[in-house]
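Model the full structure from these sequences, guided by the hints.
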Amino acid sequence: MTSHHTWHLDEDLLRGYVGGTVDGAHASSVEQHVLRCVACRTRVNALVTVSGTSMLDDVWIRVADDLQSPRPPVTERVLTRIGLAADDALLLWSAPAFKAPWLAATVATLAFATLAASINDQRGLMFFLIVAPLLPVAGVALAYGPMADPAFEVAAATPYSALRLVLLRTVAVLATTLPLAVAAGLLLPWTGLGVAWLAPSLACVAATLAASTWVTVSRAAVCVGVLWTTVVALASGPGFLSPEVAVDLATLPIYALLTLAALAVVWMRGGHLNHLGEPS
Amino acid sequence: MQAWSESPDGELVAALADDDLGALRELYTRHAPWLSVRLSRRCSDPDVVADALQDCFTAAWRGSGRYRGEGEVAAWLWGIAVRRLVSRLRSRPEAVLSPLEEWDGTIEPSAEERVLLGIEYGDLGAALGRLSPEMRAVVQATVLDGLTTKEAGQLLGVPQNTVKTRLHRAKAHLRQDLAGGVT
Amino acid sequence: MTDIALTGVTKSYGSTHVLDSVDLELHAGVTGLLGPNGAGKTTLLRILATVLAPTSGQLCVLGNDPTTAPGRTACRRRLGYLPQETGFPRGFTPFAFVNYIAALKEWTDREARHDEVRRVLDQVGLSELSTKKLRRLSGGQRHRAALAQALIGDPDLLVLDEPTTGLDPEQRASLRRVLSAAGHDAVVLLATHQTEDVAALCERVIVLDGGRVRWQGTVTELVATAIGRVWLADEAQPGALASWRTGTGRFHHVGHAPPAGAELVEPSVEDAYLLLRGTAADVAVA
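Chains as they are written, first to last, in our numbering: chain X, 1 to 280; chain L, 1 to 183; chain B, 1 to 286.
A hint or two may mislead.
[Stated by the list, open to error] Below, a sample of chain X positions facing chain L; criterion: calculated Cβ distance under 8 Å:
id	residue
1	Ala25
2	Ala27
3	Val34
4	Leu56
5	Arg62
6	Ile254
7	Leu258
Calculated from the structure, these hints are not laboratory results.
Remember, it's a predicted structure, so these values are computed and weren't measured experimentally.
Just so it is clear, CB atoms sit at the ideal spot from N, CA and C, and this is done for glycine as well.
Following this line, the structure appears as structure tokens:
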């Protein structure tokens with residue numbers, strides 16, 4: 001297509017075109033020719049770059065930046081809008097909680113727990129009460145350390161506060177698992193259960209964070225899991241009427257106090273957390 | 001690492017779908033300069049031209065699948081660039097460039113000019129040269145740049161109906177001119 | 001001025017001492033940490049990179065004490081670390097990955113951060129591949145992305161664990177260029193079990209074995225310890241510490257007592273290292 005151009009643009013005309021002194025039909029003529037003739041196009045390019053490339057370089061940087069920058073998903077943009085600093089939003093967005101496998105696992109677990117609860121009344125309820133509050137705990141355990149961040153060892157050598165990162169990711173975990181669990185809970189036939197189990201859930205998460213300033217986060221999560229299961233099992237055992245006792249209104253203040261105490265520990269001992277999920 | 005400077009334009013566009021920034025860089029080197037000039041001749045504001053150029057290449061990256069290998073890559077890129085310009089001008093109507101020349105109705109191209117126009121367009125070229133600037137502008141925008149009458153209106157800063165009218169009259173002039181003058 | 005100083009640093013797990021009373025000093029320039037697998041190189045690097053805490057001993061890294069939390073943070077602000085293996089978050093491009101680490105390195109301003117990311121990617125030659133997903137790149141290219149993050153911010157201390165493994169000769173050469181440029185102003189410590197890397201790149205070398213420092217000094221000094229103990233012969237001779245057949249068909253010997261009248265040759269880093277380690281095994285190379 002471009003090979004058989006034996007005629008090329010006159011140098012003066014080219015200069016005039018690039019310089020803006022040639023107009024009208026002649027300019028159109030040049031333009032149509034340039035579309036098809038590589039040689040003359042190259043000459044036009046050369047004339048343009050001679051007169052200064054800073055605009056072209058600037059535009060290229062903008063193009064490259066636009067294409068290289070990871071496109072933040074809706075979540076990150078929402079976060080920035082509610083006032084979170086842009087780089088915090090970036091780090092939060094990289095959290096595994098927002099990634100599909102975690103979400104899929106959460107949904108699956110909840111579905112199973114809800115199903116179990118709706119089939120078999122007492123045992124099912126107990127199962128739901130054990131699983132639902134512990135889901136965020138599992139999330140926190142996965143939020144940092146080797147499982148969460150494939151680049152954890154590199155991340156461990158960075159100055160960003162591990163505590164801040166853990167808290168950001170815990171928020172991410174809570175933001176994804178709690179709404180799902182609340183929705184599941186509301187589908188259940190028991191009245192009054194509603195969202196009362198959120199209190200032990202938050203207490204468990206806070207306790208896990210606090211404990212992880214002493215032992216590794218996975219160990220902390222397991223301990224909290226075992227403790228909570230024991231509480232629910234005891235509440236369902238002889239002497240009590242049903243597992244719901246574990247989330248009775250009367251117990252809410254206890255959970256609130258526990259949560260606050262755990263958060264105080266986290267605040268004071270936060271410096272002991274590091275990215276490897278091991279206390280230092 | 002691939003040396004893209006040897007590859008034809010078509011290969012570069014294919015590589016865009018493969019996320020190859022080096023290919024886009026080469027395309028940019030080959031086409032951004034002349035595109036910027038061509039855009040500047042339709043818009044007087046250099047910032048708008050820069051924005052349109054930027055939009056053009058990001059759009060080329062994202063829409064590389066739409067180039068089917070027909071026609072020159074240069075023409076494909078111009079099609080994207082001019083539409084991006086129209087898009088940017090929608091919010092900046094004052095940046096539109098209006099035809100500059102005076103027209104006294106009796107312009108006769110010089111012999112040299114006739115040769116030039118003749119080679120590119122044949123008789124059509126000479127006939128085009130005899131149109132008024134406004135009519136030539138709409139012909140350029142719709143026929144040469146490939147815009148719709150609506151887009152041409154946005155580019156030239158006139159209502160769409162005005163474009164249609166002028167185009168209609170331009171075509172009538174051209175038909176008359178070409179039918180009447182044989183040489 | 002001593003930039004890094006370790007005194008009596010020990011790391012033990014139970015009764016096993018992975019590092020045993022390590023004393024060393026590091027200054028600007030490229031230093032090699034040479035030793036066999038299991039010598040404790042990775043552990044030492046992790047301690048220097050503030051990723052692991054020592055069991056006992058004193059450390060002074062760039063004027064900070066990394067055993068305290070504020071000291072650690074201060075170190076990390078001037079540190080670049082390349083571990084032996086790096087994983088990447090799913091779906092990331094080199095740009096996205098380096099950008100993420102740069103954010104963790106407190107580059108809060110988006111534009112400045114992006115410019116820095118582009119700068120380091122350019123240094124490792126990944127500019128044109130910055131938009132391709134990492135999982136679609138080769139091992140060597142992924143390795144370069146991992147190296148790029150270590151170079152963010154022109155750190156004063158660069159700690160690299162086996163950085164040349166898996167690289168082809170051309171890639172090794174370009175890595176050497178990058179590291180030698182960094183070594184002008186920064187302390188660069190690279191762990192390797194390849195003597196060629198030490199020979200090509202390092203000014204100083206520390207030999208680590210069994211968690212202890214066996215030797216430290218300049219590469220020239222190390223090579224000098226082998227002068228007069230390396231010789232060539234037409235046949236393999238017993239009594240040498242190590243011998244192998246070279247490409248020319250003659251036998252290269254390294255040993256403490258060369259026979260009288262032996263044809264001595266210039267020793268290499270490898271020769272000196274072998275002597276130091278005192279291996280008795282014959283290494284036969286076809």
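Against the structure, the hints come out as follows:
1. Ala25: OK, holds: Ala25/X within 8 Å of chain L, min 4 Å.
2. Ala27: With a minimum Cβ separation of about 6 Å from chain L (threshold 8 Å), the hint on Ala27/X holds.
3. Val34: holds, 6 Å
4. Leu56: Nearest chain L Cβ about 5 Å off; hint holds.
5. Arg62: holds, 5 Å
6. Ile254: With a closest approach of 55 Å, the Ile254/X hint is violated.
7. Leu258: Hint on Leu258/X: violated, closest Cβ of chain L at ~50 Å, above 8 Å.
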